[in-house]
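Let's have the full structure, built from the sequences with the hints guiding it.
There are 2 protein chains.
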Amino acid sequence: MIFKLECTLITSKPVKADDVERLKRLVEPLLQKGAPKAKTEGEQDQVKLDLFSIRDEGIDVGISSTRFVRPHSAILRVKKLLSRELGRQKTGIRGIDIKSYTAEMDLEREALAAFEVPFADLKFEGLRCYVSFKGMDERAFEEGYPDRVINLIRKKVKSQYYEGKAEYWNLLWRSPKKDIAWEKDPSEEMIKLNWIKQGPSKGRWFFFPPMASIMRAMEDLVIGEVLLPLGFKEVVAPHLIPFDIWVKTGHMEGVPGEIYYVSEPSTRNPDEWSHFSDLVNVTRETPDFGDMVTKPVGGITYAQCPVIYWSLEGRTLDPKQLPIKVFERKAVSCRYESGGRHGIERADEFHRIEPVFIGTREQMLSLRMELIERLHHVLEKVLHLDWRMAWVTPFYMQQAGEVMEEEEREEAIPEEITKIDLREREKGTIDFEAWMPYKKGWLEFQNLSIFDKYTKAFNIKAPKDDLWSGCAGIGLERWCASFLAQKGLDPGKWDFPIKGVGESIRFL
Amino acid sequence: MIFKLECTLITSKPVKADDVERLKRLVEPLLQKGAPKAKTEGEQDQVKLDLFSIRDEGIDVGISSTRFVRPHSAILRVKKLLSRELGRQKTGIRGIDIKSYTAEMDLEREALAAFEVPFADLKFEGLRCYVSFKGMDERAFEEGYPDRVINLIRKKVKSQYYEGKAEYWNLLWRSPKKDIAWEKDPSEEMIKLNWIKQGPSKGRWFFFPPMASIMRAMEDLVIGEVLLPLGFKEVVAPHLIPFDIWVKTGHMEGVPGEIYYVSEPSTRNPDEWSHFSDLVNVTRETPDFGDMVTKPVGGITYAQCPVIYWSLEGRTLDPKQLPIKVFERKAVSCRYESGGRHGIERADEFHRIEPVFIGTREQMLSLRMELIERLHHVLEKVLHLDWRMAWVTPFYMQQAGEVMEEEEREEAIPEEITKIDLREREKGTIDFEAWMPYKKGWLEFQNLSIFDKYTKAFNIKAPKDDLWSGCAGIGLERWCASFLAQKGLDPGKWDFPIKGVGESIRFL
Numbered sequence: 000m001i002f003k004l005e006c007t008l009i010t011s012k013p014v015k016a017d018d019v020e021r022l023k024r025l026v027e028p029l030l031q032k033g034a035p036k037a038k039t040e041g042e043q044d045q046v047k048l049d050l051f052s053i054r055d056e057g058i059d060v061g062i063s064s065t066r067f068v069r070p071h072s073a074i075l076r077v078k079k080l081l082s083r084e085l086g087r088q089k090t091g092i093r094g095i096d097i098k099s100y101t102a103e104m105d106l107e108r109e110a111l112a113a114f115e116v117p118f119a120d121l122k123f124e125g126l127r128c129y130v131s132f133k134g135m136d137e138r139a140f141e142e143g144y145p146d147r148v149i150n151l152i153r154k155k156v157k158s159q160y161y162e163g164k165a166e167y168w169n170l171l172w173r174s175p176k177k178d179i180a181w182e183k184d185p186s187e188e189m190i191k192l193n194w195i196k197q198g199p200s201k202g203r204w205f206f207f208p209p210m211a212s213i214m215r216a217m218e219d220l221v222i223g224e225v226l227l228p229l230g231f232k233e234v235v236a237p238h239l240i241p242f243d244i245w246v247k248t249g250h251m252e253g254v255p256g257e258i259y260y261v262s263e264p265s266t267r268n269p270d271e272w273s274h275f276s277d278l279v280n281v282t283r284e285t286p287d288f289g290d291m292v293t294k295p296v297g298g299i300t301y302a303q304c305p306v307i308y309w310s311l312e313g314r315t316l317d318p319k320q321l322p323i324k325v326f327e328r329k330a331v332s333c334r335y336e337s338g339g340r341h342g343i344e345r346a347d348e349f350h351r352i353e354p355v356f357i358g359t360r361e362q363m364l365s366l367r368m369e370l371i372e373r374l375h376h377v378l379e380k381v382l383h384l385d386w387r388m389a390w391v392t393p394f395y396m397q398q399a400g401e402v403m404e405e406e407e408r409e410e411a412i413p414e415e416i417t418k419i420d421l422r423e424r425e426k427g428t429i430d431f432e433a434w435m436p437y438k439k440g441w442l443e444f445q446n447l448s449i450f451d452k453y454t455k456a457f458n459i460k461a462p463k464d465d466l467w468s469g470c471a472g473i474g475l476e477r478w479c480a481s482f483l484a485q486k487g488l489d490p491g492k493w494d495f496p497i498k499g500v501g502e503s504i505r506f507l
Numbered sequence: 000m001i002f003k004l005e006c007t008l009i010t011s012k013p014v015k016a017d018d019v020e021r022l023k024r025l026v027e028p029l030l031q032k033g034a035p036k037a038k039t040e041g042e043q044d045q046v047k048l049d050l051f052s053i054r055d056e057g058i059d060v061g062i063s064s065t066r067f068v069r070p071h072s073a074i075l076r077v078k079k080l081l082s083r084e085l086g087r088q089k090t091g092i093r094g095i096d097i098k099s100y101t102a103e104m105d106l107e108r109e110a111l112a113a114f115e116v117p118f119a120d121l122k123f124e125g126l127r128c129y130v131s132f133k134g135m136d137e138r139a140f141e142e143g144y145p146d147r148v149i150n151l152i153r154k155k156v157k158s159q160y161y162e163g164k165a166e167y168w169n170l171l172w173r174s175p176k177k178d179i180a181w182e183k184d185p186s187e188e189m190i191k192l193n194w195i196k197q198g199p200s201k202g203r204w205f206f207f208p209p210m211a212s213i214m215r216a217m218e219d220l221v222i223g224e225v226l227l228p229l230g231f232k233e234v235v236a237p238h239l240i241p242f243d244i245w246v247k248t249g250h251m252e253g254v255p256g257e258i259y260y261v262s263e264p265s266t267r268n269p270d271e272w273s274h275f276s277d278l279v280n281v282t283r284e285t286p287d288f289g290d291m292v293t294k295p296v297g298g299i300t301y302a303q304c305p306v307i308y309w310s311l312e313g314r315t316l317d318p319k320q321l322p323i324k325v326f327e328r329k330a331v332s333c334r335y336e337s338g339g340r341h342g343i344e345r346a347d348e349f350h351r352i353e354p355v356f357i358g359t360r361e362q363m364l365s366l367r368m369e370l371i372e373r374l375h376h377v378l379e380k381v382l383h384l385d386w387r388m389a390w391v392t393p394f395y396m397q398q399a400g401e402v403m404e405e406e407e408r409e410e411a412i413p414e415e416i417t418k419i420d421l422r423e424r425e426k427g428t429i430d431f432e433a434w435m436p437y438k439k440g441w442l443e444f445q446n447l448s449i450f451d452k453y454t455k456a457f458n459i460k461a462p463k464d465d466l467w468s469g470c471a472g473i474g475l476e477r478w479c480a481s482f483l484a485q486k487g488l489d490p491g492k493w494d495f496p497i498k499g500v501g502e503s504i505r506f507l
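For the protein sequence lines, the chains are A and B, in the order given.
Be aware that the first sequence starts at 0, since it is given in numbering that gives the first Met the number 0, and climbs by one per residue.
Be aware that the second sequence starts at 0, since it is given in numbering that gives the first Met the number 0, and climbs by one per residue.
To be clear, the hints were calculated from the coordinates, so they are not data collected in a lab.
Any given hint could be a false lead.
To be verified - Covered stretches of chain A (in silico footprint by chain B; criterion: 3 or more residues with CB under 8 Å from a CB of chain B, positions within the stretch not fixed): (1) 113-119; (2) 247-261; (3) 287-296; (4) 333-339.
Idealized CB from N, CA, C, for every residue including glycine.
Spelled out as structure tokens, the structure:
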């Protein structure tokens with residue numbers, strides 16, 4: 000790589016020209032700082048002070064490097080040192096005026112198409128990429144924008160090779176086939192029976208008592224037969240998520256187009272709302288809010304785990320309490336599904352139970368297996384579902400560009416759930432899918448992941464061990480849809496008895 | 000009252016001048032339509048056709064009235080008739096050009112201060128109010144804006160007399176005094192014990208397992224000991240409320256400054272979000288959304304009942320199923336509390352169970368009493384709380400200006416809950432309040448109302464009877480706060496055993 004920076008350190012008054020050599024000698028040793036020691040000469044970073052000259056306005060500095068040292072970090076060190084030195088002469092440095100900052104780098108693979116990134120103009124020539132940074136200031140240097148731009152370029156090229164490829168999917172287990180009661184779409188049929196009603200806005204459903212009983216039964220089942228027996232304890236999380244949490248988890252970058260955004264009223268004072276209220280009174284319509292409502296301050300829960308990690312952010316956990324096992328079921332989830340909506344199984348608003356567990360790698364691996372076994376018990380012995388499990392590239396990882404480069408492998412699927420092959424499948428996600436007879440296809444009704452990215456992102460520690468964590472998104476509407484699509488709507492014919500699924504409210 | 004309207008019916012071509020008398024004779028009988036028959040001459044509405052003349056551009060019409068007939072309704076009838084008549088001569092009426100429309104009315108009481116309303120300029124002289132309508136078009140006439148403006152003026156004057164007055168409050172019952180364990184603020188103490196954590200945004204709380212167990216116990220108690228024994232069945236409602244529902248319930252007019260507003264992404268297409276995503280990636284901050292997010296499309300649940308009424312809107316219920324008894328506990332409630340926040344007992348986001356019941360007046364009166372008796376049992380015999388009930392002017396009625404003009408009355412408070420005085424207290428709200436030793440004051444922890452306004456607003460009918468309805472806002476956080484403020488935080492000392500309130504997650 001080749002980095003070249005040209006800039007001026009603006010001084011509060013002219014620096015004495017005869018001081019230039021002394022200052023230069025102070026500056027030069029600073030440049031190498033931060034570069035790891037090279038093992039061979041070829042690996043040596045070629046950091047150079049290309050320019051160091053004094054003008055009335057300040058000091059012109061040019062820095063180039065070829066490897067680890069980044070001129071945008073070096074110039075901050077230079078500024079700090081010179082501030083101290085010039086301070087003795089009552090001269091201050093007012094800021095850095097960046098004239099030009101460029102990088103040349105080799106990509107692993109050629110970009111398939113040109114693309115744009117913020118804060119830089121790009122030019123591609125074969126594997127070579129020419130980066131001309133722009134729109135940055137001293138703060139951008141401090142925050143490390145140039146490094147992030149470089150990483151973003153590499154990520155974008157990489158994702159060009161993955162776009163359009165099928166999602167990574169590898170079968171881990173498949174249940175014995177079960178009796179299928181019917182082949183109708185349960186949502187359609189439940190509308191006819193008045194068990195559910197679409198609305199009051201798109202992608203949303205109102206559940207009358209029969210459907211509410213079914214969802215309640217699924218919730219009790221998951222909690223009573225999977226989570227409580229494994230020692231999980233309930234927590235309750237708010238469902239309005241400030242953006243800084245999603246910046247940490249990657250949702251803000253990955254799925255901004257799927258978030259329901261929330262704004263506050265600009266004021267709570269009824270006097271300031273009185274004209275608005277009067278308009279509602281007279282027109283029976285909702286006027287434009289204008290500036291009575293703020294810009295978005297957050298979004299509605301996409302998944303519950305980010306706030307659970309936030310609750311432990313920066314903390315050191317007691318090893319005696321590890322693994323931490325909690326679950327959340329109160330926060331309502333919203334995702335903007337647009338064209339993809341379908342019945343209760345793909346809605347914009349839905350209910351999920353999310354267990355989160357935190358501990359050592361070994362604890363996470365064994366807890367994952369315990370969860371799989373309990374889930375297997377419930378799906379096989381209680382609900383008698385036709386279902387399967389697969390090792391997949393999780394969606395948010397894909398969105399964040401961290402695509403796993405694993406090869407698909409052909410392998411025998413074991414009969415016993417405890418024999419599934421999770422070798423080399425430590426960090427990542429398992430999808431649970433149910434057969435949907437009405438559409439002759441599979442529906443993901445929950446997932447289960449372990450990784451260390453969230454414990455890192457939220458800096459959750461233990462005194463000795465590195466912490467990993469796991470979570471599972473248990474979609475209650477999808478559990479219901481899977482059950483009903485296979486078993487039908489006649490409670491008398493279900494092996495799994497659910498109380499209270501009687502007749503719904505009748506309309507004349 | 001005196002109404003005067005001057006306008007022109009714009010015609011597609013000039014009307015023959017010699018047709019004026021014939022048309023006038025057709026029009027005149029139309030004016031009286033809609034006025035009830037007067038019993039005395041003094042009550043007779045003086046409706047007059049002040050002007051009816053033909054010009055090239057159209058027909059100038061002037062209408063005045065003194066009582067029931069409103070010129071803005073009369074002119075619509077006139078236009079309809081003339082359209083039919085002139086249609087035979089291939090002449091159309093293009094619209095109504097309103098030159099001036101005024102009203103003079105006597106108020107019941109003098110306005111205490113001048114005020115503004117939309118669509119009219121106002122002048123006050125003693126009891127007399129001069130209204131000069133403005134900014135209205137034909138559609139505004141069709142929708143009845145002038146009538147609503149008149150009603151709004153009367154309502155605003157009335158509310159001037161109520162502003163600043165204490166809320167109507169009349170004690171119905173008070174429990175025997177109970178032992179009080181301590182005088183600390185439970186929220187403050189729970190923060191120290193790591194049972195709760197403030198955040199991740201203002202007015203919101205994260206509940207670690209001990210507090211989550213307590214809230215779960217309260218939820219189970221209300222459902223198991225109050226609602227299920229009375230035959231209530233669960234429903235599940237979405238928690239994003241479109242504005243048209245709140246226009247019907249009065250929330251849009253009454254509490255727009257307390258709503259958390261929700262917007263959708265303008266697009267779900269990741270390509271259109273890629274610049275935004277790249278900015279998040281490089282800056283680790285959330286950029287301005289600009290037009291990537293829509294204007295508000297709805298708000299988060301304020302109370303659950305509006306959507307329950309919506310689910311039955313326009314329906315005729317089966318008398319055999321009455322009273323309908325349902326409850327909702329999944330939708331999360333948000334209210335923008337601004338300066339009023341305090342601990343878990345006044346938060347911006349909270350959880351409530353809302354039973355809704357619909358039936359005849361008699362059914363509602365007796366079900367209200369049954370609910371009071373079950374609640375009394377739970378509060379007295381299970382939780383042993385220090386609490387009371389009061390008949391109050393509910394907040395939303397106050398906000399909507401429908402202040403009840405009831406006199407405070409001094410009366411003996413009965414010992415037995417079944418003897419409380421609900422004579423002449425049919426439609427309205429009962430507040431349940433608990434003594435908060437730490438602040439030496441009372442906290443409303445739930446309410447209970449019956450009325451017929453929502454069955455009317457959503458046109459929910461039975462074949463014979465008028466339907467009333469009832470609802471109760473059972474605030475779970477406030478039930479918890481009431482219990483903890485009186486009983487302390489040592490589970491060993493509680494009469495009401497709650498499982499799982501052990502030590503919270505420890506931080507080193």
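Hint-by-hint comparison with the structure:
1. 113-119: Since three or more residues must qualify, the claim that chain B covers the region 113-119 of chain A holds, with 4 doing so at under 8 Å.
2. 247-261: Held - the region 247-261 of chain A has 10 residues with a Cβ nearer than 8 Å to chain B, which meets the minimum of three.
3. 287-296: holds (count 7)
4. 333-339: holds (count 5)
In this structure, none of the earlier numbered hints is contradicted; all agree with it.
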